[in-house]
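Single-letter residue listing:
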Amino acid sequence: MTFPTTPQAASAESGPAIVTRKLHPLVDLQCDRTWFEELQNRLSRGGPWDDWTLYQLAMEAEQAKRIESFDQLLSLRSLPSFEPMPHQISTARKVVHEMGGRAILADEVGLGKTIEAGLVLKEYIVRGLAKRVLILVPASLVLQWVRELNQKFGIPAVAQKKEHTWGYDVVVASMDTAKRDPHREIVLGTDYDLIIIDEAHKLKNKKTTNYQFANLLRKKYCLLLTATPIQNDLDELFNLITLLKPGQLGGQSEFAANFVVDKRLPKNEDQLQEALSTIMIRNRRGDGGIHFTKRFVKNIPLELSEDEKALYDAVTGFVKERYEESGGDLTSMLSLVTLQREVCSSRDAVFLTLVNLFKKTAEDSPMRPKIWELVEKIRNIKANTKAEKAMELVKEMNDKVIIFTEYRATQEYLLQFFRAQNMIAVPYRGGMNRGKKDWMMDLFRGRAQVLIATEAGGEGINLQFCHHMINFDLPWNPMRVEQRIGRVHRLGQTEDVKIYNLCTLGTIEEYIVNLLHEKINLFELVIGELDHILERFEKGDGSLEQKLAKVLLEAGNDTDLKQQLNQLGSSLSRIRDEVKTGKNPYATSPELLVKLDSLGQTVEVRP
Amino acid sequence: MNEKQVHKFVNRYLEATECSILEKSPAHFTVKLSPFADRELTNRPYYWSFVDRVGAEPETMTYLLVTDKQKYDAEEESKAKAKASDQPDASATSQDAAANAALGRSLGFIHGSLAAPARVPREDLYFGARKLDQLFDAAKSKGSYVYLFQEPDKRSSNPFSSTPYTAWLGVNMRVEFACDRKREEIHCFGVSLATGLCVEQFHDRLLSHKLTPRLPANIHITKNGLSFNKALGIVEQALERKLRGYDYSWAADASARLEEELVRIGSYYEPLIKNAIAETRQAIEEQFTQRQAEIRWQYEPRVTASAINCGIFHLEGID
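Those sequence lines, one after another, are chains A and B.
Quick note on full-length UniProt numbering: the first sequence kicks off at 1 and runs consecutively.
Quick note on full-length UniProt numbering: the second sequence kicks off at 1 and runs consecutively.
Worth flagging that the hints you see were computed from the coordinates, not collected in a lab.
Here a beta-carbon is modelled for each residue, glycine too, at the ideal position from N, C-alpha and C.
Heads up, some of the hints might be wrong.
Derived lysine-lysine pairs resembling DSSO-like cross-links, with alpha carbons at most 27 Å apart [claimed, not checked]:
{"no.": "1", "chain 1": "A", "residue 1": "Lys65", "chain 2": "B", "residue 2": "Lys182"}
{"no.": "2", "chain 1": "B", "residue 1": "Lys182", "chain 2": "B", "residue 2": "Lys131"}
{"no.": "3", "chain 1": "A", "residue 1": "Lys22", "chain 2": "B", "residue 2": "Lys242"}
{"no.": "4", "chain 1": "B", "residue 1": "Lys81", "chain 2": "A", "residue 2": "Lys131"}
{"no.": "5", "chain 1": "A", "residue 1": "Lys65", "chain 2": "B", "residue 2": "Lys274"}
{"no.": "6", "chain 1": "A", "residue 1": "Lys206", "chain 2": "B", "residue 2": "Lys274"}
{"no.": "7", "chain 1": "B", "residue 1": "Lys4", "chain 2": "A", "residue 2": "Lys400"}
Simulated coverage check for chain A against chain B, where a stretch passes if three residues somewhere in it have a Cβ under 8 Å from a Cβ of chain B [stated by the list, open to error]:
{"no.": "8", "stretch": "93-101"}
{"no.": "9", "stretch": "116-130"}
{"no.": "10", "stretch": "201-211"}
{"no.": "11", "stretch": "215-224"}
{"no.": "12", "stretch": "437-451"}
To give an idea of the interface, some chain A residues facing chain B are shown, with a C-beta separation under 10 Å as derived from the structure [to be verified]:
{"no.": "13", "residue": "Glu83"}
{"no.": "14", "residue": "Asn258"}
{"no.": "15", "residue": "Asp262"}
{"no.": "16", "residue": "Ala314"}
{"no.": "17", "residue": "Phe318"}
{"no.": "18", "residue": "Arg322"}
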């Protein structure tokens, strides 16, 4: 807002609050006169007058806060609680000083895009260039962003909950909420100094409501965060950039003519890289791999008790029988294989499944008595070998520990079991709402020694403060195992991580542990490698899970089973070796259509 | 501001606002706020409006303000260790517990929070901390407008002669040079209301004197020779003259960037508008205008001057 007036206006009795004077052909000086009005006001009323010491302190505070130069990174001096990594600092610097505050931050996963965005945000706040800020993230990440901004950066960010929350200066919301009424109008009616959009690859399709909404937002500075800016289609890239700087790659047709051969094949890559370099930063992991803290993996072999073994054998027999009856129909049998896995976890888990199965079968089915027989066997089981071992381990560690299980029933059982032994344990599962998840995390961070989780996905849980992990049972999908490990063993973990796999001998679990541990060497892989191994292994013909089930059902006897599993195992190790020896140059990052190596630095990550 | 400067700042604020410091070390204060400071710092508008309406005796908050976290935590830890090592023999504590239990039996259940001392929240004050920013703001909100007199030199005081004083308009200005980036300067001007003389670094001059809100004895103030409005004009002109001599290559750069961006946006939208069908044309045009406005907002170079604080100062002598 400016009210252009001549200097003579200064002598007018009630001059305007802001007076403009010409300093330079390009620049005006705007003098704010509100202070003078207030001073005259107080003079005419004879006060009230402020304290001289406070007057001096106010001046000292301003002197301390003064922004001395255009190009320092001032945010660094007000972040005592943590130290950003060099590549994060240089990224923030580049965004603020070279890119004018509009950029795509496209670092590979795990290099701290959130930190970089936080630094840029803090810098603009400290410099007084940003006040109204909107951060759009997936719903599951809202609270994590709020916490990081508050704790790490001292930025009073607020999670959007009610309509009135939009009144706060720094609001974190999910895109889905923001684009809906009644929020939509409020958000679109605000001029935001800075907008940050996390997981921005979700905006790649310009026909989606999300994209159209993002395109309507009014902003000064803008950061888009994504690890995969161009995955399927070059148009995705064009769309993202149009949000930030329309025309940076020319119009749609020029872009197609200059840079695209086929929608998945770029041309003039050097020029494209150059055009991108003013708007995108992508730091990559170093080739030396990630220098996390060490992982120690220990398999704990357990002998099932007699009753447990009897149940396992009975269930195995039952499953086989059904499979033969069905005449080799795999799809319907997968759920039955689950029974076998559940026995290895807890009797509670298998009981629940059996009861459900019982309800589903017709009343006169010959299956019913057979199922009932199994239930009878469950009754005989008095103790859980694994739970006892887990308890023993937890007591030995005498430290925070997270226990993962696949089954809700097992989780309930363990909670009860630990409580009975006076060990404080809290649950965590996918179905909990955001608030409850957060609460559980806080309890675990605080006074509970044990967290029992059924879900490892859902980005919300970062457990760097804990470095013990027990796999009470193992998922057959290796990605899920990796997710579990990733919760604990990640950037920021300062201790070596100890992983215990509970493994019952003489059951399928033994094979699974062997397969994951020995053959894929899952527990020692670098993030991203597993993706590639599985991708190759599963080419076309079903997931590892399905293949396992098939082998299990079809094998005639134990030796047969062993042989087949060995085959599976050796093909996995072969693929692993191929990936490891670098036949796939992108082994550590998701494959992108355009090589973006020149848009950032290579980072050797050390905790 | 380093830890020492923060500590000194906090100390002066607490003293100036008459807070009672219960305990202090070079790394911390435990302080019961004065009502004045409580209103400024505790974010309790409802509580204070209640107190004001009812006229109740206010209960102000007590804070632990840590100005040097590392030092404070280290000291606390060593204290805790010392305590643990010379832990009195178990009999004493068990005696205590027994006594408490006995008391509990005879007095009935006492809720923990009633018996425990009031909660003392801890705030770590470091440069950039929100509480310290609040302290800065508090200082500013109650340190903006002053009306002061220089205390006369005791030695030369002669009860029969009167010392001449001059009234000055003093103002501390923050000047912001901004485009998509920003830097700031602080300029302190003083204008003699008697003669119109304008000096820079006036704030430093004030700091060399002792100032008081009370009118000292045996002084007389020279008649003002110019109006406040005139003085304001002098300040602004002085500032303008000073700023004219600056290097504005940053503004030229920003304007060039702005121009470049506008051309780029135009190259994207103009063909789009030309080829658009009638129904969508208006929406695209609106977006074009919007994008142009955003770019101007982002890059347009500007210089703004606003006051940090100001006042009328009566100083010895005729200038």
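Exercise. Quick check: the stretch 116-130 of chain A, covered by chain B? Criterion 3+ residues, Cβ under 8 Å.
Worked result: Held - the stretch 116-130 of chain A has 4 residues with a Cβ nearer than 8 Å to chain B, which meets the minimum of three.
Exercise. Taking a Cβ-Cβ distance under 8 Å as contact, does the stretch 437-451 of chain A have three or more residues in contact with chain B?
Worked result: That given contact is violated, which follows from only 0 residues of the stretch 437-451 of chain A lying within Cβ reach (below 8 Å) of chain B.
Exercise. Measuring from the C-beta of Asn258(A) to each C-beta in chain B, is the shortest one below 10 Å?
Worked result: Where the cut-off is 10 Å and the nearest Cβ of chain B is about 13 Å from Asn258(A), the hint is violated.
Problem set entry | Hint status (Cβ of Asp262(A) to nearest Cβ of chain B, threshold 10 Å) | 24 Å, violated
Exercise. Against chain B, is Phe318(A) within 10 Å by beta-carbon distance?
Worked result: Violated: closest Cβ of chain B sits about 56 Å from Phe318(A), beyond 10 Å.
Exercise. Is Lys4(B) close enough to Lys400(A), meaning Cα to Cα at most 27 Å?
Worked result: 38 Å, violated
Problem set entry | Pairwise hint evaluation, Lys131(A) against Lys81(B), where the allowed Cα distance is 27 Å at most | Measuring from Cα to Cα gives roughly 45 Å; hence the hint is violated.
Exercise. For the pair supplied as a hint, Lys65(A) and Lys274(B), is the alpha-carbon distance within the 27 Å limit?
Worked result: 49 Å, violated
For this session: Between the stretch 93-101 of chain A and chain B, see if three or more residues pass the 8 Å beta-carbon test, and mark the coverage as holds or violated.
Result: Per the Cβ count (4), the hint holds.
Problem set entry | Proposed proximity, Lys274(B) with Lys206(A) (alpha carbon, max 27 Å) | 20 Å, holds
Exercise. Minimum Cβ distance from Ala314(A) to chain B below 10 Å?
Worked result: 54 Å, violated
Problem set entry | Interface restraint verdict for Glu83(A) against chain B (beta-carbon cut-off 10 Å) | 14 Å, violated
In summary, the numbered hints that this structure violates are 4, 5, 7, 10, 12, 13, 14, 15, 16, 17 and 18.
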